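Q: Here the structure of chain H is known, so what remains is to put chain U in place on it, guided by the hints.
Here is how the chains run, residue by residue.
Protein chains: 2
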Amino acid sequence: MNGVILVSGGMDSLVTAAIAKRECAETFFLHINYGQKTEKKELQLFQKICEFYQPEDQLVVNIDYLQKIGGSSLTDDKLAVRDFAGQAKIPTSYVPFRNAHFLAIATSWAEIHKIKNIYIGAVEEDSSGYPDCRKSFYHSFQKAIDLGTKDETQIMIKTPVIDLSKTEIIKLGKKLGVPFELSWSCYKNNEIACGKCDSCVLRINAFKKAKIIDPISYEIEINWLE
Amino acid sequence: MNGVILVSGGMDSLVTAAIAKRECAETFFLHINYGQKTEKKELQLFQKICEFYQPEDQLVVNIDYLQKIGGSSLTDDKLAVRDFAGQAKIPTSYVPFRNAHFLAIATSWAEIHKIKNIYIGAVEEDSSGYPDCRKSFYHSFQKAIDLGTKDETQIMIKTPVIDLSKTEIIKLGKKLGVPFELSWSCYKNNEIACGKCDSCVLRINAFKKAKIIDPISYEIEINWLE
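Those protein sequence lines, which keep their order, are chains H and U.
Each step along the first sequence adds one to the number in our numbering, with nothing skipped, and position 66 is 66.
Each step along the second sequence adds one to the number in our numbering, with nothing skipped, and position 58 is 58.
Fair warning: there could be bad hints in the mix.
Derived Cβ-Cβ restraints for the label pairs, each shown as a range [said to hold, decoys possible]:
{"no.": "1", "chain 1": "U", "residue 1": "Ile90", "chain 2": "H", "residue 2": "Glu56", "range": "49 to 55 Å"}
{"no.": "2", "chain 1": "H", "residue 1": "Asp57", "chain 2": "U", "residue 2": "Ser136", "range": "30 to 36 Å"}
{"no.": "3", "chain 1": "H", "residue 1": "Asp57", "chain 2": "U", "residue 2": "Pro179", "range": "40 to 46 Å"}
{"no.": "4", "chain 1": "H", "residue 1": "Glu56", "chain 2": "U", "residue 2": "Ser136", "range": "29 to 35 Å"}
{"no.": "5", "chain 1": "U", "residue 1": "Gly129", "chain 2": "H", "residue 2": "Ile213", "range": "53 to 59 Å"}
{"no.": "6", "chain 1": "U", "residue 1": "Ala25", "chain 2": "H", "residue 2": "Glu226", "range": "53 to 59 Å"}
{"no.": "7", "chain 1": "U", "residue 1": "Lys209", "chain 2": "H", "residue 2": "Gln44", "range": "42 to 48 Å"}
{"no.": "8", "chain 1": "H", "residue 1": "Gln47", "chain 2": "U", "residue 2": "Lys209", "range": "53 to 59 Å"}
{"no.": "9", "chain 1": "H", "residue 1": "Asp57", "chain 2": "U", "residue 2": "Gly129", "range": "26 to 32 Å"}
Okay, derived cross-link-like pairs now, EDC-like style, lysine to aspartate or glutamate, Cα gap no bigger than 20 Å in a straight line [unchecked claim]:
{"no.": "10", "chain 1": "U", "residue 1": "Lys68", "chain 2": "H", "residue 2": "Asp64"}
{"no.": "11", "chain 1": "U", "residue 1": "Lys150", "chain 2": "H", "residue 2": "Asp151"}
{"no.": "12", "chain 1": "H", "residue 1": "Lys68", "chain 2": "U", "residue 2": "Asp57"}
{"no.": "13", "chain 1": "H", "residue 1": "Lys68", "chain 2": "U", "residue 2": "Glu221"}
{"no.": "14", "chain 1": "U", "residue 1": "Lys89", "chain 2": "H", "residue 2": "Glu152"}
{"no.": "15", "chain 1": "U", "residue 1": "Lys135", "chain 2": "U", "residue 2": "Asp151"}
{"no.": "16", "chain 1": "U", "residue 1": "Lys135", "chain 2": "H", "residue 2": "Asp64"}
Residues of chain H placed beyond 10 Å of chain U at every Cβ, according to the derived structure [what the hints assert, rightly or not]:
{"no.": "17", "residue": "Phe52"}
{"no.": "18", "residue": "Asp163"}
{"no.": "19", "residue": "Leu202"}
For the record, the hints were derived by calculation from the structure and aren't laboratory data.
Bear in mind that the values here come from a model prediction, so they are computed numbers and not experimental data.
For glycine and all other residues, C-beta sits at the position ideal for the given N, C-alpha and C.
Next up, chain H with everything else stripped away, as it sits in the complex (with noise of 0.2 Å):
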């Protein structure tokens, strides 16, 4: 078995990784830069994370004419990522359509090298809410691809995160040593994560559920134990 693997540097796509690599004799890690604010230490994580599991071949995207056509506060400077509110409508944080970008360059990667399975790290229920992360979106695609592409070629997405908690990932991450060290989740900052968007606060509450130590760096302090 051999898999086409997206990863974005963040910890749902790196835990999806691990499990990739369990179930595949031969992976593919696809990183995709789509001029998100964090872009710089995603990448860089992006390569240790390639160090560290030693894929047969990666392969890095650039797509930033998503932040040309913009609206979404992950890659328009004009808006600011806010602190976290609460999940409650599509943040501002939704970049239009963007995991079907993601879905159709690793189809196209996969469909040249018979590379039969596309691994994404997406989370249905215990997520921001993005229309893109439905598992009835990746459903969809799927019947996309099929249809789209060589009679001869078979891809199938797999999803093996999308109806787990944050926490429950954590956990199974940690049983599978997954090196959380080299996972990136604030949308807001490069360097010491900010604690306070959504997608670091979600974060933040699932180690402390998981009653595991995140071991990276935040800005504020926080009482891991609490």
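A: The following block gives chain U in isolation, referenced to the frame of chain H:
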């Protein structure tokens, strides 16, 4: 009504643009450079097509990572563009899953600007047999858009020429006053069309059948009246 129109510089998308211009009060022309050998010419023509049709906005997006991924004679210098050898299996010019990338980009742009339609000049029957030109592919991608964007976002994929033959497309274009001199089909050359690649041969034959003289120049002599 408003619409994003994918304008490649080719004949099918040019006629599609003319149709969209009739249907939409506001049009947004999108051109995508995917590292194809004839991009220089196509981008030039895109600019001229914009001058002609005066869309509300225009956007050029670079996804030449498809060239890096390779595997197609359109983007890979190691693979020659073959001469026409009949419409059999999927030709080497197939760029893996290319139109999914195009649709994803159009969708992101449309979602941000609340544009309701995406026009793409795909042709199913009378074409080169690319899987990402099948009507069923567009139906499945429509579903992926519905599920992968915000619930309030409503975007429809329109493929107005998908069931037409190339000859019918030319006749329709003629009726709509399409400036065919601003279109390019050759896969190989940037200056004078080769007249021998798949795409040139389909175009030439269609013009002949339509009993219309193609306004562009070819390297080989063509008897338009035969």
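Q: Compare the structure with each hint and give your call.
A: Hint-by-hint comparison with the structure:
1. U/Ile90 / H/Glu56: 49 to 55 Å: 27 Å, violated
2. H/Asp57 / U/Ser136: 30 to 36 Å: Distance hint for H/Asp57, U/Ser136 holds at roughly 32 Å.
3. H/Asp57 / U/Pro179: 40 to 46 Å: 45 Å, holds
4. H/Glu56 / U/Ser136: 29 to 35 Å: Once the Cβ atoms are compared, 33 Å apart, the range 29 to 35 Å for U/Ser136 and H/Glu56 holds.
5. U/Gly129 / H/Ile213: 53 to 59 Å: 57 Å, holds
6. U/Ala25 / H/Glu226: 53 to 59 Å: 57 Å, holds
7. U/Lys209 / H/Gln44: 42 to 48 Å: 58 Å, violated
8. H/Gln47 / U/Lys209: 53 to 59 Å: 55 Å, holds
9. H/Asp57 / U/Gly129: 26 to 32 Å: 29 Å, holds
10. U/Lys68 / H/Asp64: 16 Å, holds
11. U/Lys150 / H/Asp151: 31 Å, violated
12. H/Lys68 / U/Asp57: This hinted pair holds, its Cα atoms lying about 13 Å apart.
13. H/Lys68 / U/Glu221: The hint is violated at about 44 Å.
14. U/Lys89 / H/Glu152: 12 Å, holds
15. U/Lys135 / U/Asp151: The hint is violated at about 24 Å.
16. U/Lys135 / H/Asp64: 30 Å, violated
17. Phe52: H/Phe52 clear of chain U: closest Cβ-Cβ about 24 Å, beyond 10 Å.
18. Asp163: Holds, because the least Cβ-Cβ distance between H/Asp163 and chain U comes to about 17 Å, which exceeds 10 Å.
19. Leu202: The assertion about H/Leu202 holds, with a minimum of 20 Å to chain U.
In terms of the numbered hints stated before, the structure departs from hints 1, 7, 11, 13, 15, 16, listed from lowest to highest.
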